[in-house]
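Protein chains: 2
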Amino acid sequence: MPDIGKYLWPKSVAVVGASSDVHGLRGRILEIILSHPFAGKVYPVSRSASDVQGLKAYPSVDALPEPADMAILIVPAQYIPAELERCGKAGVKAAAILSSGFAEEGDAGKRMQEDIATIARRYDMAVSGPNSEGFSNMAAALCANFSPASDKSAGPLIPLRPVGRGQVSVISQSGGIGFAFVDRARPRNLKFRYVVTTGNEAVLEIADFVDYMLDEGETDVFLLLTEAVKSPEKFKRAAEKALRAGKPLIIGKIGQSKPGSRAVASHTAALAGSTAAYRAVFDRYGLIEGRDFDEMLDLAVGFLASGDRMPAGRRVGICTASGGAGIWMADACAAAGLEVPILDAATRKALDAYVPSYGTTQNPVDSTAQGVQKLGYAEFARLVARSPSVDSVIVVITARRSAFLEADLPKLKDLARETEKPVFMWTYTLPAERTVEILNEAGYPLFTTAHGCAGTLQKMADYRAMRALILHQVEAAAPAPDRSNTSAVLVAAPGVICEYRARPLLAVYGIGSESAGQLVHSGDEAAAAAQAISGLVALKVQSADIPHKTEAGAVMLNLGGAERVRAGYEQVLDAVRRHAPAAYIDGVLVQAMAPPGREVILGIHSDPTWGLMLMVGIGGVVVEALADVALAPVPLDRASALALIGRLKSAQLLGRFRGNPPADVGALADLMVKLSNFATDHAERISAIDLNPVIVHAEHNGVSVVDALIVKRDDRSAEGGSAAG
Amino acid sequence: MPDIGKYLWPKSVAVVGASSDVHGLRGRILEIILSHPFAGKVYPVSRSASDVQGLKAYPSVDALPEPADMAILIVPAQYIPAELERCGKAGVKAAAILSSGFAEEGDAGKRMQEDIATIARRYDMAVSGPNSEGFSNMAAALCANFSPASDKSAGPLIPLRPVGRGQVSVISQSGGIGFAFVDRARPRNLKFRYVVTTGNEAVLEIADFVDYMLDEGETDVFLLLTEAVKSPEKFKRAAEKALRAGKPLIIGKIGQSKPGSRAVASHTAALAGSTAAYRAVFDRYGLIEGRDFDEMLDLAVGFLASGDRMPAGRRVGICTASGGAGIWMADACAAAGLEVPILDAATRKALDAYVPSYGTTQNPVDSTAQGVQKLGYAEFARLVARSPSVDSVIVVITARRSAFLEADLPKLKDLARETEKPVFMWTYTLPAERTVEILNEAGYPLFTTAHGCAGTLQKMADYRAMRALILHQVEAAAPAPDRSNTSAVLVAAPGVICEYRARPLLAVYGIGSESAGQLVHSGDEAAAAAQAISGLVALKVQSADIPHKTEAGAVMLNLGGAERVRAGYEQVLDAVRRHAPAAYIDGVLVQAMAPPGREVILGIHSDPTWGLMLMVGIGGVVVEALADVALAPVPLDRASALALIGRLKSAQLLGRFRGNPPADVGALADLMVKLSNFATDHAERISAIDLNPVIVHAEHNGVSVVDALIVKRDDRSAEGGSAAG
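Note that the protein sequences, when read in sequence, are chains A and B.
Each number in this note's numbering comes from the position in the first sequence (counting from 1) with 258 added on.
Each number in this note's numbering comes from the position in the second sequence (counting from 1) with 258 added on.
This is chain A alone, in the form it adopts within the complex:
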């Protein structure tokens, strides 16, 4: 394993391709490094100059007075493999490749990128890029990049009055975006530790740097930006490690839209992958997704300022002196999914002493300007934070002038020290610089958008809850099914395993009943089978060549009476013969109609990046009309299955509905766990499983798996996609 410490904390740096022309990137990077008080040695390497920006230059990396710990390579792409090889031979242990023109430029570039990986492996070097923009180590004052955000004139590397006590690190595939975080965070006084850009990730990926920084223990909050995750298992390991350590990973996933993912493909030659699958993985590991700079920085500010003090729930108390601004904040809280409950009587009574009659103590508590003059923001917030009705407090202020807050500073500090509940500040005017400092000094995050403030609180409450859920997961003590036998049957089965063959396989894992109905081969047999069943029956043609039965007319439902069953038998076979004349037909399944209940779709499919995912959706029409499905990587436990169901917009269809009792959601969750276990155990053979529909009966009455289909993985290709029954 290469040593990322050599990359981030080098004692000596070679800049290969360094130039004295500071208008070009090759000159700018050296200029920026030299402008900061980096204590290590810097060696310009230049084939043409013996002096670069006042430093002695060396003709080659192997001509340095000592092997440099790391090298920055900024020469044209075609020279990079040879240059990296030279670094390896010379004992350089790390390299940042800034040049473009690799995998994003076609096959030749792709091969060069593979060469880079091979060379790095050979010499056990920590290599980032190509197509990266370098990195900054703020603590070491090493800015090995050419971003304007690293200009000396842009401001100090470490803010004088940082928000909170912790540090934040940025790890971004995109160089421009990575350093823009630093630029945009300046008015927020975030203390950055590292900014690392990873580019095409030929060797080191975002997860490698996360892993290093978690071990180091100096980064408290991560801002990640990814176009595509290359090594999903590595990513999941790092994510779980961060979750256990309680270090939030705030992540931006770019390329989620159609034009965006098209651009990712041409930008770093990576597959953007399914947005839904990425979301599912983020949810599973407690990553917090942000959709833009502001949302992600708001989250970083919130987490840094709050430290371990995260909201225990979603109930917020709002303190305001402006009625209108307080109402707008209440709307923002509700939109974010927070609650703004009416406060308890004791708290309201305590507030009454300060709030004039034209204000209100409900919540939002509108003290009016007069009330806050008497109370001060600190005392106001303290009274509300004390209420047992709330888990956190938002104080609406106008931060245009600092004088009033300045006078309140000692009390604000006391409150920040003592409160168990996060207290956030939102200013509806633009803040004066001094106001931000005062609040940061006192220990409060300051937000300028109501939605950013409310959204951050909500996501912090979610993070806390999600973390508790995941850390307390217990392995379901399922009876160990006979895996090896199932596996052998799977190997022998055809590519499309239709219902009558799939049922016994799934039943081993407790999914559905082993035999539901009878396979028949004539109209008379069908009629006889139907007669043995009380009530109406379904007929389903069984054929590995017909995975999409409904489209092929291969299903008839609700048949009663020998005559209709016999006629139905001929009808489904006729339809199938017209639709797929060459299909080999195993027979027709005669099955009792399932007792009534809520219709659910359960499935497994394979995502090109993340592998097998479990999918759940309610009601055929709702799923189709609104694409309302929820995804999770397998395996998943019961609590996660219940959480997944709860994430459906149409989840209330499973509750008390149109006079029906609630559906047996527990049984549905159990079924999901079993299906996820089946998929996990046989992942290497499964491309897709459809249980469509599953009927969820009323509480305590369980579920009926009405149809089942398994599509095996095509060994000749990494096939994805879902099948439909």
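A portion of the hints provided could be inaccurate.
For identical chains, the list gives no copy identity; a pair is met inside one copy or between any two copies.
[To be verified] Listed next, the in silico DMTMM-like pairs over lysine to aspartate or glutamate satisfying Cα-Cα at most 25 Å (straight line):
1. 488 with 365
2. 907 with 678
3. 410 with 309
4. 499 with 547
Derived from the structure by calculation, the hints contain no laboratory data.
With chain A fixed as given, assemble chain B onto it according to the hints.
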């Protein structure tokens, strides 16, 4: 009608309650007025001082050397009515009442507020407030308020280099929020004309000021903020006038959430009203809703900078030199509902000359840093704007340094002059002040959030399309139904008009068939009626006492055969007798089952603020599970009805679906227009109408109204709410 010109453009202002103590509000307001170069006369009125802040003070408003054009009243609430009366008698034509403690404070306050309205009417005075924060007239340099945003030190009233050529006015019920717009807009260089705060709106409402400013013709974009609209008809008139004039109304509606509307009630003692109804009215009149300061200011910047040049469609071309930032913008565009199509071959060929091989000309066009160095932003944007594939262009820049843009300035100005398509700029770093100026000078809006930039373009495209739709509306040439007879029947009918009585009334307007089925009074009659119908029948108990038939068990569907119909007759009557023993039953309706199709819910209900609204939703389950309904005020024309259907999330259920042909959406729209005409004609008698369900058949096969119910307005109270069949 009072003269708002006297309010906004007074030649002389009396400050009643003025004080020399500039730490109090009564001193601050005078201090602020005097600090700006207002050319008119200012008269302090004080009962205790003869000199206030160096000006001669007068003991009363009737002791001034001349009648002041307007008075600012900032004395305790209980003195306000007498003071306003004195103003009226003295010939003062306008007044701003800043004091709090009126309708928001209970019944006594409410009565005082009514007194204010009476006095204002008596003297025909233009009165704003109470509980307002005054106003600013930037052109007159009159800042009659105590907001920190009006401090001389906060910056010039009119920016040196404004964005665009137009002016924006703020009209806000909330004082704090109203002036915060000015504060937060400072870095954006918006040229404000007026900021007016209206408080409790005892007399003048937001719509009155909009109307005045439209007549004046100097305001190009409006930023409105409302808690509750008091006079809906006045509001609608002003909104339509603005739409015809092409002056966008950007509106924030606060109090949309449960806690928010609770706070509105206690803040200005107004009903926040139904959010959905507000949205429907905004949609109908082309108002553009913004959810926070930033979104509203982004919209104002976009409209001001673009003038009449609005995007003709939703297709955007993205120019970027940072791959990652371009992708993020593409995601933001897709999220906003914009399209980012691959560019045409000719445009891509023209770009190829500048874009290196590791960039891309697809869209986003990633020129890489190298490409943009060659091209410059102006030429880059010009090439993309020329593409027939796009309606607008977004240029992704880094505005941290201004030098590069400065060099490009002449070309940028040329492009801004010549282009027919809006060109927006988004900076992913924070902009230098000089960059904003350069871009504003050249005529470009600059955005700092990708979502704000994309969302503004999308809403501008929507505004253009919506305006065209509304301005080209033609009155449907419906055959004038016999209104007076219908009206007479309505008057005579019971409060709940069940189906067999409602059908003939609705049929006059072409809604459903006059007679669908037969009213019977015995099982035998029912069986006979069923026999006369080929196919299955429905039975429905008809009773004015049972509006909710399904809950009462008063409906049976799909009955066939005399025996089952006879038994069904007894069954529904039994159920009804158990459910509502005292109900008077008119009979049982025997009806043919409707041919199959897509199930739709159509209804009319009464909103407490906006009156009768038409509601449409698709599919019983979808409506109930996801509350996916769309609302519009009545009347509405065919194009608006079609647009309303299109707004449903589940609209695709009416398209080609599960092998079914598309539904007859045109016939549904026609039915909606007819229902809206019925409701409009008889608005004073209607509380609710339910057509639930309507079955929409396949294209060209029309609709079947399967059930109908009219609930009359209860004359004793302003009843709202919907009924269900």
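Are any of the numbered hints broken by this structure? If so, which, sorted upward? Checked against the structure, the only hint that fails is number 2, while the rest are satisfied.
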